[in-house]
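All chains should be built: construct the whole structure from the sequences, respecting the hints.
Protein chains in written order, with the UniProt record's numbering: chain Y, 1 to 354; chain U, 1 to 368; chain V, 1 to 323.
Just so you know, the hints here were simulated from the structure itself, not pulled from any lab data. The beta-carbon is built from N, C-alpha and C at its ideal position, and this holds for glycine as well. Among these hints, one or two may not hold up.
Claimed, not checked - Not everything, but these chain V residues come out facing chain U in the computed CB check (under 7 Å): (1) Glu207; (2) Lys210; (3) Gln213; (4) Leu214.
Claimed, not checked - List of simulated lysine to aspartate or glutamate pairs, EDC-like, C-alpha gap at most 16 Å: (5) Y:Lys63 <-> Y:Glu78; (6) Y:Lys118 <-> Y:Glu190; (7) V:Lys204 <-> V:Asp147; (8) Y:Lys146 <-> Y:Glu163; (9) Y:Lys283 <-> U:Glu237; (10) Y:Lys146 <-> Y:Glu190; (11) Y:Lys283 <-> U:Asp236; (12) Y:Lys146 <-> Y:Glu115; (13) V:Lys210 <-> U:Asp120.
As the list claims (entries may be wrong) - Sample of chain V residues at the chain U side, in silico, Cβ under 10 Å: (14) Tyr208; (15) Val209; (16) Ser212; (17) Thr217; (18) Gly218; (19) Arg221; (20) Arg225; (21) His226.
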Amino acid sequence: MTEPLLSVENLHTHFETHDRTVHAVNGVSFDIEPGEVVGIVGESGSGKSVTARSIMRLEEPGKIVDGSIRYRGEALTEATDETIRRLRGQDMSMVFQDPMTTLNPVFTVSEQIVESLKVHDNPDHQPLREYLRIPFLHDRTDWAEKRDRVVELMSEVGIPNPEERLDAYPHEFSGGMRQRAMLAIALASEPDLLIADEPTTALDVTIQAQILQILSDLRASRDMSVMLITHDIGVVSEVCDRVIVMYGGQVMETGTTEQILTQPRHPYTQALLDCMPQQTERKEQLATIEGQVPNQLGDIEGCPFASRCAYADAACTSASMPVCDCGDGQEAACCALDRVPDPTREAVGVEGSR
Amino acid sequence: MSVDRSENATASGGGAEAGDATDAQLNDAGSATREAVIELDNVSKSFAMNDSLLDRLLGNTTSLDAVSNVSLSVHRGETLGVVGESGSGKSTLANLVTGLYTPTEGVISLDGTPVGGATDRPADLLADVGVVFQNASSSINPRMTVGDAIAEPLITQGWSADDCEERIAELLELVELSEHHLDRYTHELSGGQAQRVSIARAIATEPSVLVLDEPVSALDVSVKGSILNLLMRIQDELDLTYLLISHDLSAVKHVADRIAVMYVGELMEVGPAEELFDRPAHPYTEALLAAIPNVDPSSTIEETFVLEGEVPSPVDPPSGCVFHTRCPMAEETCRTTVPDQIEVGDGWSRCHFAESVADDEEVTDAWQ
Amino acid sequence: MTDEPTVSDRLKSIGDRLRSVGVQARSKLGEARSRLVAAYHSRPVRQFRSNTLNVIGLVIVLTLILTAIFAPMLAPHDPEEQHLRDRLEGPSAEHPLGTDQLGQDVLSRLIFGARVSLKIGVAVVGISLAIGTAVGVTAGYAGGYVDEGLMRLVDVLLAFPGLLLALVIAGILGPSLTNIMIALAIVGWTSYARVVRGSVLSVKEEEYVKASQLMGTGRLRIVGRHVLPNVMGPVVVLATLDMATVILSTAGLSFLGLGAQPPTPEWGTMISEGRYYLRSAWWVVNFPGLAIMFAVLGFNLLGDGLRDVLDPREEESVQNKGL
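Structure (structure tokens):
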């Protein structure tokens, strides 16, 4: 591979509250190769969503204070609004967590997909009159032409009987259907990179499985890269090639899904996996991580996980963490890897759920 | 006394039928004595829909059956997990038990006494059922300190100030919080700490039953475990009976003795937790279990069985078996006839093919 | 026999007691001081301070209140003392803001005018708030027919143009300050009732109210402990903003001759009486006008500031934004 599709380096995104600064993303670096599905895992406050929004340049009200984001070599941090708009319309799309609020209730779902198609065709020409439903003034002949394409997209994301649903408004769709519609809107611009920010968190498990299956099919049929943000390691293991584990605004560990799940090297990844109820016998005490997520106010010295880490010593709270190569592309940001047990343990699956 | 008035509670004969009961099952049977603390007898709850005035005048009212014909009993000292997707009626069930709703039909009994809604219940019965909601930050008044919040049920029960103070100290220790949390507000606490406060409030009046409505769903993985640990510990120490409502199957599996699976307001399957997970006797249970994201890296979503379609609307539930619209095994009988409860092992399932579903081989065939 | 304490003993015990009182007082003082410092650095206060406009609003309102309280000490002259020989004199050392057509000192009248305006403002807002909150809570919490009935009454009252209705009422009752208060309160409580009812309806559905119902807590207690504290935020903001409206309305009604009668030092009356001399003696009209403007501005700024601060979950929402 010559050049990564997306390259994030030393990204710092801060939020100014009225008298303090929240360091939401604090020196994050990673690459996404073409056609790769990368999972970003972290608990709330880990900075995973802010990272995603920074890439789409939707970081407001936060501010990117340092670092670079390169998409096919083009620096997004310095790009003009116009470039960003073009990229959003043609190269990168994003799907958000809550399908209840991300669709505009006053337009039909198909209109919103058409809008995305039109933006993709011609990002610099979007006459307002097309959106206003004023007789004689608005001319939508080319909207009608897009009909077939909309039906195609809707069936691609698994919306049953798309022809009948062309005139449906978002409130007539269930949560799962709306998330599919969001996906269709995102795909209309034929993105090379799809950023999905907790796309299944608000959905039921059976619907979640459907959406994940569609994501996985799409990736195969469209050869696009997907950045999947989630708090659920299980979701990651179902669809991702590579996993980035985040904590306290920093990357803790990266590796292939298999490496992260079966031989995690970073103490945080290990602790996180141990927390899964599946890892403990029924009715036994579950493993937990003591302490609290750091509040990320002001500068953070050393490793953000140090206060909760079982292997931490004085060195962990003073210097910044070195990124250690653990072989085969697996990397962990930890200064005490020699103290941390190296699990060449067997994969432990969910018992009972075959 | 009332020995399972409803047939559908777990096999009343106990060990008799479960000849080959595993150790775990015996343990379950041992920890849960047969005395029913909560008993639901054919309980239904329907809500009137917002019909137009004209419809109302003409009598064309529609209603939503959030819970229909549920019979269930929870035994002393056990944890009954209720699982299901949104719209399955599991939260309505919790609200019926706590008394926020009154059943449209059927009878709910606590300790053998039929009870109505919370406003009709005597004070000692109210004190006997504690509730923990999903989100501590919304179930505790944001303008109340932790101390005030925990004291509230005690004051309502007429405790004196001194007794209150003593009890609060005791409760704080029980939920592993310290004195300095007393003057804090919930928005100053972390999610886990706030949930501890709401647990302390729920057990303040020494209830025998705790209704847990998605107690860990809003929490991070690392905190979830500590709250579940706490819940298991105080259940042992205080001899509590839990009704645990959750969509998080792995959490339910970990703490529940028995599990009830709900779908569109009806019970699909009820059985001992281990058995239900190992040998589900209802195709819906099967599908639900298959959909849990797996931490096994060798599993991929392509290979997972994925249930098609969506949960039907409870306003107009399907005829026959409510699951037939999505069930890969559905046959003509499923569309027309409501299945009976068929006893399988220590539990029961409401599927025409319960026996064969429980038999693994055939089911897996059906999925493929 | 020697049980009688000697004089020196007594003196000593008194000294001890005094000293302990002193120590206590000092520690109390220290405590109060540290509490004040803590309050100054607490989140709501910090947030309030962070916006200069809020502080300006607070300063104006505090100035107004202090002026009203200490009016007799601050005013250089008796506000109703007439010096017909010194009519319509321009600003001078003797009369910093000049004199009016009756030779009364404008500055003194302004200072005493603050008293009148604040008195009416506090009274009208207080009465409106009490009635409005009671009606709003009753309607919102009881629901059903009670709600319907009370809210239709509010609708009917709101169907009349507010100031016009006040004008009619004041006209019927006869011109006096008390009658203006009554008129404005009759018109004013409805908006409180609406705001309170709306908040009660949403707070009533909160989980903590349900939790409390499940504990068996009585209705009144739930209203007092859970509902009222959580609806008072918007009401306090509304009351502050309403102070401005009431001050303005009072001035307006007085200008029309329905409120304070001369020689009562009231800002509206002052403008009304002085308007004939606008061209020859600008100070008679303009200074009361400025006073009204600053008072209204002050209360509006303060109200806006309070609105931003009065939600305890504000901090959380800022933190969760995008995290």
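Status of the hints after comparison with the structure:
no.	hint	verdict
1	Glu207	holds (4 Å)
2	Lys210	holds (6 Å)
3	Gln213	holds (6 Å)
4	Leu214	holds (5 Å)
5	Y:Lys63 <-> Y:Glu78	holds (13 Å)
6	Y:Lys118 <-> Y:Glu190	holds (12 Å)
7	V:Lys204 <-> V:Asp147	holds (14 Å)
8	Y:Lys146 <-> Y:Glu163	holds (13 Å)
9	Y:Lys283 <-> U:Glu237	holds (14 Å)
10	Y:Lys146 <-> Y:Glu190	holds (15 Å)
11	Y:Lys283 <-> U:Asp236	holds (11 Å)
12	Y:Lys146 <-> Y:Glu115	holds (10 Å)
13	V:Lys210 <-> U:Asp120	holds (15 Å)
14	Tyr208	holds (4 Å)
15	Val209	holds (8 Å)
16	Ser212	holds (7 Å)
17	Thr217	holds (5 Å)
18	Gly218	holds (8 Å)
19	Arg221	holds (8 Å)
20	Arg225	holds (7 Å)
21	His226	holds (5 Å)
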